[in-house]
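Protein chains: 2
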Amino acid sequence: MTDRNGEVRMEQQPVTMADVARAAGVSVTTVSYVLSGKRPVAPAKRDAVQAAITKLGFRLNTVAQSLRTGRSSTVALIIPDIANPFYAQLARGLQDALRPDKYHVVVCNTNAERAEELLYLDDAVKRWLDGVVITPSWLVPDDFDALQAAGIPVVVSADTEMDGLDLVRADSQGAIDQAVGHLAREGHRRLGMLVGPAGTPAGDPRLELYRAAAGRHGLDLPASLVVRGKHTREAGVAGLRRLMNRKNPPTAIACVNDLTAIGALEAAEQMGLAVPSDVALIGHDDIEVASLVRPRLSTIRYPAHEVGSACGRLLLERIGGRAGQAEVALRTQLVLRETI
Amino acid sequence: MTDRNGEVRMEQQPVTMADVARAAGVSVTTVSYVLSGKRPVAPAKRDAVQAAITKLGFRLNTVAQSLRTGRSSTVALIIPDIANPFYAQLARGLQDALRPDKYHVVVCNTNAERAEELLYLDDAVKRWLDGVVITPSWLVPDDFDALQAAGIPVVVSADTEMDGLDLVRADSQGAIDQAVGHLAREGHRRLGMLVGPAGTPAGDPRLELYRAAAGRHGLDLPASLVVRGKHTREAGVAGLRRLMNRKNPPTAIACVNDLTAIGALEAAEQMGLAVPSDVALIGHDDIEVASLVRPRLSTIRYPAHEVGSACGRLLLERIGGRAGQAEVALRTQLVLRETI
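Line order of the protein sequences matches chains S and C.
Residues in the first sequence are numbered from 3 upward in steps of one, following the working numbering.
Residues in the second sequence are numbered from 3 upward in steps of one, following the working numbering.
Among the hints, a few may not be true.
Given that identical chains are not distinguished, each listed pair holds provided it fits within a single copy or across any two copies.
[Stated by the list, open to error] List of simulated lysine to any residue pairs, SDA-like, C-alpha gap at most 20 angstroms:
1. 232 x 340
2. 128 x 21
3. 47 x 147
4. 47 x 20
5. 232 x 203
6. 57 x 125
7. 128 x 102
8. 232 x 246
9. 128 x 118
10. 57 x 118
11. 57 x 121
12. 249 x 230
13. 128 x 75
14. 57 x 315
Treat the hints as calculated values from the structure; they're not laboratory data.
Taking the hints into account, I'd like the entire structure generated from these sequences.
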């Protein structure tokens with residue numbers, strides 16, 4: 003490596019405690035006692051260790067600390083995709099909550115695939131991470147056994163409980179009831195829905211809430227009007243096309259998240275359908291872009307930054323020794339803009 | 003901790019090499035030789051270590067490996083804000099490039115503050131990170147001395163070179179010239195610009211490119227029409243208001259990034275100004291939302307995912323032993339939509 007003055011520098015491996023031990027002629031354990039002060043060390047040995055530290059330029063570092071303490075000062079955030087703005091905001095909220103306690107956050111993208119989810123859980127055990135915050139797609143409670151056995155706290159951000167784990171979830175029942183009530187008053191009778199993939203262990207809690215609300219307000223939400231896909235813009239584009247090409251299409255469509263709703267909005271525009279007069283649309287989350295599209299997206303606000311910071315607070319409590327399982331339900335809020 | 007069967011589990015610290023050494027009555031160094039096979043160990047001692055490993059349930063882990071190898075299999079991404087969609091996409095690109103080599107990526111938000119930037123660089127040294135990818139706001143080359151001395155590779159994602167460090171940058175000269183040429187043909191003569199904060203070490207490379215292009219195409223870009231702010235929507239709102247309230251306002255405004263341009267678009271709407279007929283706007287980057295706002299934002303495409311993966315490739319090359327300084331200039335592209 004050549005630095006900017008043209009001098010050649012040697013690339014060096016960091017000096018380890020083992021190097022110090024070798025140079026001082028003592029064991030690594032003795033070096034660690036000198037560094038931590040946890041046990042007395044004979045003066046001659048202590049002096050030898052300190053001389054070796056000075057000579058080699060050893061710096062006590064977090065890795066060596068980890069080996070002594072079993073702690074890495076690092077937390078994993080395991081999510082489908084950091085490029086999804088909901089998760090980017092959630093990540094920021096988590097990081098802001100953990101920042102005062104100096105935890106690093108590693109961001110792990112699973113693409114909502116089970117194999118990736120398992121791999122990152124395994125990694126968390128191997129790397130002695132201090133905690134995991136996860137939005138699982140395909141995991142079941144047994145998948146967390148190794149983390150539980152290793153004493154690694156887990157906080158789940160999802161709509162449904164994962165047995166034994168701390169949970170941050172949306173409490174959307176009230177907001178969804180208001181949204182469906184609003185649609186009923188606007189004369190809608192036939193509701194469609196764009197939801198996530200079939201067969202996930204968590205099921206479709208948002209679909210269930212819409213179904214119950216539709217029942218209360220006299221709207222139909224038949225199985226033929228429920229279309230499945232990933233939680234993406236592309237899924238929203240495809241989903242709206244499928245629903246609006248049905249013989250008897252819906253007059254309003256509820257979407258599992260805003261990205262899906264924004265895709266649906268694009269597809270409606272491409273098909274020459276006016277929103278909300280030809281088809282009403284409602285999202286979920288209120289990501290930043292919801293208020294930037296035209297017409298502005300009506301949605302159910304579930305503030306991602308707060309979700310992330312709530313996850314962070316639960317994790318810190320658990321790291322701090324809280325024993326019982328905790329759940330935070332964040333009440334969501336109907337935001338009426340221009341699409342319903 | 004109570005698991006889902008109601009059984010009480012003990013929260014345990016992970017078993018360390020020191021625990022194994024104690025139980026086997028040998029030094030930690032001996033344990034590490036048994037594990038790594040790097041040096042021969044007397045059979046009696048080896049058997050004692052292996053018995054202790056079985057008895058204690060010790061698992062060789064990445065932390066212990068780090069102490070032996072001086073490597074953490076972790077890379078830091080140090081950026082102003084992961085909630086900015088450009089950086090979320092860049093993060094995803096970086097992670098995708100590093101994924102096959104199993105590196106974890108810790109995401110560090112600096113809010114474009116020097117103190118935070120320095121803190122995360124220091125952290126990278128203390129934690130023996132394998133590399134750093136950074137978009138610096140206030141750092142100067144000397145700030146990287148400790149990383150260079152520790153042999154930690156650094157890749158900078160920015161418009162201007164940081165002496166001695168690998169660089170991924172936008173090559174926007176051609177696209178900016180085209181944009182200004184387009185504005186000239188549309189009859190614009192007075193160009194304003196919304197740029198970043200004053201006094202950053204990198205200066206204002208995008209402003210310089212617009213200034214040169216304005217000169218070539220016969221447009222004015224006077225200092226009085228350059229407004230500074232953070233690279234945010236809020237700065238765009240405030241910046242457009244200031245420019246359009248000038249006695250002699252510009253007829254077109256170039257923005258340092260899309261977020262600023264989107265804020266400017268909102269402010270124009272609030273002021274009752276039509277875009278582009280009252281004021282033309284152009285962004286930089288082409289984040290997803292650029293094509294979702296109305297009117298659709300014209301911009302200069304600098305694809306964040308590719309930027310991130312280029313950073314990842316440079317980092318892997320450097321970790322793999324490449325000595326010379328490398329630079330990747332990604333040619334940007336004018337995207338004409340509806341705002342110029």
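Hint check, failures only: 1, 3, 6, 10, 11 and 14
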